[in-house]
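Asks: From first to last, the protein sequence lines are chains A and B. Heads up: the first sequence begins at 1 in the numbering used here, then just goes up one per residue. Heads up: the second sequence begins at 1 in the numbering used here, then just goes up one per residue.
The set of hints was computed from the structure by calculation and includes no laboratory data. C-beta: ideal position from N, C-alpha, C; glycine also. Where hints are given, some of them may not hold.
[Said to hold, decoys possible] Have a look at the derived ranges for each label pair, beta carbon to beta carbon:
| id | chain 1 | residue 1 | chain 2 | residue 2 | range |
| --- | --- | --- | --- | --- | --- |
| 1 | B | R26 | A | G76 | 17 to 27 Å |
| 2 | A | V75 | B | S60 | 22 to 32 Å |
| 3 | B | R102 | A | A17 | 26 to 36 Å |
| 4 | A | V75 | B | D106 | 47 to 57 Å |
| 5 | B | G91 | A | I26 | 13 to 23 Å |
[Unchecked claim] Among the chain A residues that face chain B by a calculated CB cut under 8 Å, a handful are:
| id | residue |
| --- | --- |
| 6 | L7 |
| 7 | C22 |
| 8 | R25 |
| 9 | A27 |
| 10 | D40 |
| 11 | V41 |
| 12 | A55 |
| 13 | T57 |
| 14 | S64 |
| 15 | A70 |
| 16 | T77 |
| 17 | A81 |
[Unchecked claim] Stretches of chain A that chain B covers, calculated by requiring three or more beta carbons in the stretch to come under 8 Å of a beta carbon on chain B:
| id | stretch |
| --- | --- |
| 18 | 10–21 |
| 19 | 31–39 |
| 20 | 42–54 |
Residue strings, one per chain:
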Amino acid sequence: MSMLETLFIPLVSGLLACCAMCLYRIARGPTAPDRMVAIDVLGTLVVGFVAILTAITGKTYLLSVAIVWALISFVGTLALARYLGRSNAHD
Amino acid sequence: MTETLGTTVIVIGVLFDIFGCIGLLRLPDVYNRLQSATKCVTVGTCFILAGCLILLGSVSGAVKGVICIALILISSPTAAHALARAAYWSGVEPWQGSVVDRYKQDLADVSEGEGTS
Numbered sequence: 001m002s003m004l005e006t007l008f009i010p011l012v013s014g015l016l017a018c019c020a021m022c023l024y025r026i027a028r029g030p031t032a033p034d035r036m037v038a039i040d041v042l043g044t045l046v047v048g049f050v051a052i053l054t055a056i057t058g059k060t061y062l063l064s065v066a067i068v069w070a071l072i073s074f075v076g077t078l079a080l081a082r083y084l085g086r087s088n089a090h091d
Numbered sequence: 001m002t003e004t005l006g007t008t009v010i011v012i013g014v015l016f017d018i019f020g021c022i023g024l025l026r027l028p029d030v031y032n033r034l035q036s037a038t039k040c041v042t043v044g045t046c047f048i049l050a051g052c053l054i055l056l057g058s059v060s061g062a063v064k065g066v067i068c069i070a071l072i073l074i075s076s077p078t079a080a081h082a083l084a085r086a087a088y089w090s091g092v093e094p095w096q097g098s099v100v101d102r103y104k105q106d107l108a109d110v111s112e113g114e115g116t117s
């Protein structure tokens, strides 16, 4: 049993705890930008999940999923930021 | 040796992620949360990817992983910048304990310059 397999449960539990904190911020966040920050962080955390999965299975094609996820999360955050910045700034 | 190094780097990355998310949970306003969340989670995820590359040790994995790290290092600060701007424009006030607001001064300077010219 390799070292990473021994540590797999604690590592994934740590990342899941991060996701729980982000979900709490999405549910409670007093303003819309708070929720958007948490959504952005959640997208980055998923890339971390995929990286750990790649390391433990040894399948390199999973890294393509990480690349695409990072790109889509970035574009989504930018779109939301444009929408929110426009709603009050230019009227 | 390689295995120990890679696993250590992954553990460091997960710790960075956890501290960043604790900051997201505990800090007082959206700008502070943005800074903690963006910096710590970006670096943490890059560390996890780097550890994954060390453990894989193959060329195709290395190329994809380096592309992914570069993408995250470029896109995450850009998204944070756009979010901070959007938050400011949508009227979120900084926390009462904040000591300086340079963006407000800049906006005031710009509008003043437009008024006199």
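Asks: Would you check whether D40/A satisfies its interface hint, that is, whether its CB is within less than 8 Å of any CB in chain B?
Replies: Hint holds; D40/A Cβ to chain B Cβ min 6 Å, cut 8 Å.
Asks: Identify whether the interface hint at V41/A stands, where standing means a beta carbon of chain B within less than 8 Å of its own.
Replies: holds (5 Å)
Asks: Is the hint on A81/A kept, meaning its closest Cβ partner in chain B is under 8 Å away?
Replies: holds (4 Å)
Asks: Any CB of chain B closer than 8 Å to the CB of T77/A?
Replies: Holds, because the Cβ-Cβ distance from T77/A to chain B comes to roughly 4 Å (cut-off 8 Å).
Asks: Against chain B, with CB atoms and a cut of 8 Å, does the hint on R25/A hold up?
Replies: holds (6 Å)
Asks: Just to be careful: measuring from the Cβ of C22/A to every Cβ in chain B, is the smallest value less than 8 Å?
Replies: holds (6 Å)
Asks: Against chain B, is A27/A within 8 Å by beta-carbon distance?
Replies: violated (12 Å)
Asks: Identify whether the interface hint at A70/A stands, where standing means a beta carbon of chain B within less than 8 Å of its own.
Replies: holds (5 Å)
Asks: Does 26 to 36 Å hold as the CB distance between R102/B and A17/A, or does it fail?
Replies: holds (35 Å)
Asks: Per the hint of 13 to 23 Å, is the separation of the Cβ atoms of G91/B and I26/A within bounds?
Replies: Between G91/B and I26/A, where Cβ atoms are some 20 Å apart, the hint holds.
Asks: I want to verify a distance hint. Is the separation of the beta carbons of V75/A and D106/B within 47 to 57 Å?
Replies: This hint is violated: roughly 28 Å between Cβ atoms.
Asks: Using Cβ atoms only, decide whether L7/A comes closer than 8 Å to chain B, and label the hint accordingly.
Replies: holds (6 Å)
Hints 4, 9 and 13 from the earlier list are contradicted by this structure; the remaining hints agree with it.
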